[in-house]
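For reference, the chains in residue letters:
Number of protein chains: 2
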Amino acid sequence: MNEKKIHLPEINKTINVANSKDSLLDLLAKEEIIIYSPCGGKGTCGKCKIRVKGSVNDITNEEKNFLTEDELENDIRLACRTFITGYADVYLLEGKLRNDSKSSLETLKEYKVNNKVIKKYIKIHKPTLENNNSVVECINNSLKDVHIDLDMLRKISKDIDYSKNVTITLYDNELIDMEYEDTRDKNYGVAIDIGTTTVACYLMDLNNGKQIKVSSTQNPQAVYGADVISRINYCLENEEGVEVLSKKVKKGIDELIKELSVKANIDKRHIYQCVLVGNTTMNHLFIGLNPKSLSAMPFNPVIKDVVIEKASRIGINSINSHGKIVFLSNIGGFVGSDTVGAIISADLTHDVDNSLIIDLGTNGEIVLSTPKGRYACSTAAGPAFEGAKIKNGMQAFSGAINSVIIEDDMHYTTIDNQPAKGICGSGLIDIISEFIRIGIITEDGKIVEPHVLNNEKLSKRIIKNGRKKEVIIAYDNETYNRQIITITQKDVRELQLAKGAIKAGINILLKVAEVKFQNIDRILLAGAFGNYINKESARRIGVFPNVELDKIISLGNAAGEGAKLALCNKEILDISRREYSLATKHIEISTHPDFQDEFVSGMYFK
Amino acid sequence: MNEKKIHLPEINKTINVANSKDSLLDLLAKEEIIIYSPCGGKGTCGKCKIRVKGSVNDITNEEKNFLTEDELENDIRLACRTFITGYADVYLLEGKLRNDSKSSLETLKEYKVNNKVIKKYIKIHKPTLENNNSVVECINNSLKDVHIDLDMLRKISKDIDYSKNVTITLYDNELIDMEYEDTRDKNYGVAIDIGTTTVACYLMDLNNGKQIKVSSTQNPQAVYGADVISRINYCLENEEGVEVLSKKVKKGIDELIKELSVKANIDKRHIYQCVLVGNTTMNHLFIGLNPKSLSAMPFNPVIKDVVIEKASRIGINSINSHGKIVFLSNIGGFVGSDTVGAIISADLTHDVDNSLIIDLGTNGEIVLSTPKGRYACSTAAGPAFEGAKIKNGMQAFSGAINSVIIEDDMHYTTIDNQPAKGICGSGLIDIISEFIRIGIITEDGKIVEPHVLNNEKLSKRIIKNGRKKEVIIAYDNETYNRQIITITQKDVRELQLAKGAIKAGINILLKVAEVKFQNIDRILLAGAFGNYINKESARRIGVFPNVELDKIISLGNAAGEGAKLALCNKEILDISRREYSLATKHIEISTHPDFQDEFVSGMYFK
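Chains as they are written, first to last, in full-length UniProt numbering: chain A, 1 to 606; chain B, 1 to 606.
Note that these hints are calculated values from the structure, not bench results.
Fair warning: there could be bad hints in the mix.
Heads up, the list lumps identical chains together, so a pair's fine if it works in one copy or across two of them.
What the hints assert, rightly or not - No farther apart than 27 Å at their CA atoms in a straight line, the calculated lysine-lysine pairs in the DSS-like style are these:
no., residue 1, residue 2
1, K4, K606
2, K310, K158
3, K158, K251
4, K120, K460
5, K490, K258
6, K155, K263
7, K158, K248
8, K247, K310
9, K310, K144
10, K186, K268
11, K263, K457
12, K250, K310
13, K457, K551
14, K606, K535
15, K292, K155
16, K570, K446
17, K120, K248
18, K248, K155
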């Protein structure tokens, strides 16, 4: 029998397949590599295309329906119809890979279990004529101070049978299920990360802290707007907006959890808890709170505290109806429980160092944790880091210029080694970093006159488009659509504004905490972007303070990790309840007297 | 202008009408005299017939539709179409008067107010960029540690307006309403007494403890059986039985409260609390608990503790959806919150005497309160006291023999002075009492031979029906249907069994509490029957221990009174929460070693 193995050259990862009969789609999902597959792996949507070279099964009829001649020749397969028979190289294609799965590749682990959900197999003490105990008292005598809600009591009043042993399920001190058979080995929960773009669900075995399956999908609210602002506006403009968006995401989550339950052959009755993270808008829209207050000064949230509610009351139907939906706390209007998840994931709650968590995105969230206290802020960096508002910017898909080095001339790589289509965030940071190093831009971000450079090849790349300078990164003969790819003066300015905002946030937090940047022990990068960024480039352009490179660490999908940790461990969940106010102080940087100064000086490249 | 006055000869009550423009129906309702009027006083059902002699308005056209020539000649009117213009005698006709209204005539009073529902008119502190307070924190800063449930928060997140003053309504520490106008003067609640036969609702002004209006109706569950056992059986035999009965009574209550709100011109939004009492079966069926456990040994309830639930969750739609439904606690399977209501009404919780509460009925409930502790039991007295299982027994309607005295011969009165139709409970007790005094029955309940009596008129009344003796109470020429009305030997036995059960209950409670009957300070009669009974007769036949007559007191509708007290006073409500186990011990008399002996000896007339 052959040794079955998958190698992923793009991320230099090898997976031992052993004797699994799972499809490639499922094998990758187990490693948290989620391929987009709307049909759930049934071979009916044709979306889960990957490139496979090596020992695999023959092309199936389903695949022939979806793949072109050209694709078949180029080793493209459907992951759900591909089965490993020996050694195979697998390439993940453009747009098929969710950001959050790539970033969490390195964090796959078992979670320490300290359950909020406890199952016991017991006999309930009978009532007698003498003790005249009510059913509630009989249960309380057997279990000690248990709370039973009315719906549960109605069920029990009908089913109670003192002659049989019963598995009771407790959530803290609340009785949430009674079954007349021993089901103690079935105890499941789901960690859920509601991103503005993607919703990911992680099915966990609460008895041993193991992740069973992962499933993700586009956030179904996306049809009402790509970003939080447009979704908030939808709610302001439509009377039923909140309800529509709330139902939308809950329905999406129900579908993901159902898919997980079916695949893992788990009864939904045995899923007792969901722990959710997301930004404050995602939090409010899930819970059904009107996000009006997030739309205008002072951008305050409706609630910060953890919300714990019965599944049936919140409207999640894919788990035990008496199970609990736990949405972790918000820190501020634009610092949500995804940041709390990152704090948990980085284990800052026990930290005695000076640590900085940075989540680079349209809305940059920064946390500074010190032995004296923890501080958080958000800063409107704008979408430059994500390639938006940049003339040739694009997301990190196939063909994106993702790293650049300048020697005698410009050298770059693209994702999947495809002809260049544009520049993604990590490419942009590399480019600006190299521009500084070589002197293509000045300290204040101005593109120099070509003659200043003592290098003809580089000088040639500085051109004028009207009155504004541009720098050619890729010539037309190298690119996908045969047009040059450039960085404009305006692009440099966009990046300067973004980095100025981040820098101002960091510096004001340092001031508030009275910590010098030299004393920062760790910089933790949260979010997908943190995995791809060239840390040295980012440091050079001044996104981070100037610390040693080994102090800069990628946290991976820190939000989702935090949700899993809180799901499996009640101490962590309880700690997270305090995150929002007791432990983490929200700092509004825009009203700090030094903000303008820090913002402007943060834009310079020094 | 004439002085307007109503006199009720049957209960010797006078009501000053002053300048009220209310109909006679409404005037009487204000005095808790509830005339059956399904159409709610609209003149469309013709049911609210009464007899009126005196200064009133002329016969209306509506009345001509419903009243016969004969009725019109006999001064019969519809109460809803009759308006007092001067002095009038009003007679309440057969079956029109609810028992519970008669009994509470003497207890009309204002209730001491100590509200659980608090309204405040405040301004909510604004959030600022600096404090970054969530909406919840803003409210908490303004009100201090307020709980807000998710439904409420959803509403607030949409409506919040810091520029206006707001009336907030708190139930304990929970925020249950916010209104952007000053509505502090509108604070209402409803006390509800769910009897097996009748449901009564008392609308109360929680700002001053005044009763505004009363409304009652037949318990809509009655179509599923007249007594608790048949309703429990309906639930055992029908899968949806509990839900059907629960919805039925809640719908009936909703209709009553709606009627009250319309009449009192009150917005349902301003009704914040209902406090309910009822026997344990009524409690379980209202809440929606399966009464299975009440149907078989050891007859234990599902729950004893007070149930407090949001109106919208319990399914009461006629009050504020965030208002609270509070069902007082049960003491045992057959000692319900109606008994707790009686304990509250008798103020036994502060009592230092030895007090005995007796509720005579099919299920007799007895409470013994002593300085050392309080004890309660139920005893299956059977329906004899209500005239059932008695050959010529009937309920206390027009024509019922309700009091009897024997001098040279038998003398009796009937309700409404109508020709005798049968014997009601109070008549039965009088008859047996007189039989003992005169010697018509022996100590062991045997009807004597006619010759033993030295009175020809009485001797003639003892006849034989087959081998069994009977005593004629009314000759055929005196009765409604021209047939004799008698008391049979079996009737005497039925009463002996009933009184034996009550006596055994009392004596076992006295034994458990180590109190001698001579040391009883008060005997409190709860329930409608307690108002009509001839205390001397009842004492002579031995229903009560042999105490001075002035120690025997009628409590009136003690259950409903207790609900009103708990509604208006949070201390009383909180005390009632402890009644079921901490303060009142349920005694199962049937398993007491002396039960058989007490039961048998209790049947004798000594």
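We went through each hint and held it up to the structure:
1. K4 x K606: Neither way: K4 and K606 sit 52 Å apart in one copy and 98 Å across, limit 27 Å.
2. K310 x K158: both (21 Å within a copy, 23 Å between copies)
3. K158 x K251: between (31 Å within a copy, 23 Å between copies)
4. K120 x K460: neither (75 Å within a copy, 75 Å between copies)
5. K490 x K258: neither (47 Å within a copy, 68 Å between copies)
6. K155 x K263: Intra 29 Å, inter 39 Å, cutoff 27 Å: neither.
7. K158 x K248: For K158 and K248, the Cα distance is within 27 Å only across copies (19 Å; inside one copy 35 Å).
8. K247 x K310: both (16 Å within a copy, 24 Å between copies)
9. K310 x K144: both (22 Å within a copy, 26 Å between copies)
10. K186 x K268: For K186 and K268, only the intra-copy Cα distance (10 Å) is at most 27 Å; the inter-copy one is 47 Å.
11. K263 x K457: Neither, since 57 Å and 93 Å both go past 27 Å.
12. K250 x K310: Both. Shortest intra-copy (14 Å) and inter-copy (25 Å) distances satisfy the 27 Å Cα cut-off.
13. K457 x K551: Neither. Shortest intra-copy (36 Å) and inter-copy (117 Å) distances fail the 27 Å Cα cut-off.
14. K606 x K535: So K606 and K535 pass the 27 Å test inside one copy only (17 Å; across, 103 Å).
15. K292 x K155: Between copies only: 12 Å across, 39 Å inside.
16. K570 x K446: neither (53 Å within a copy, 74 Å between copies)
17. K120 x K248: Neither: 36 Å inside a copy, 38 Å across copies.
18. K248 x K155: Classified as between: cross-chain Cα gap 20 Å, same-chain 30 Å, threshold 27 Å.
Checked against the numbered hints above, the structure violates hints 1, 4, 5, 6, 11, 13, 16 and 17; every other hint is satisfied.
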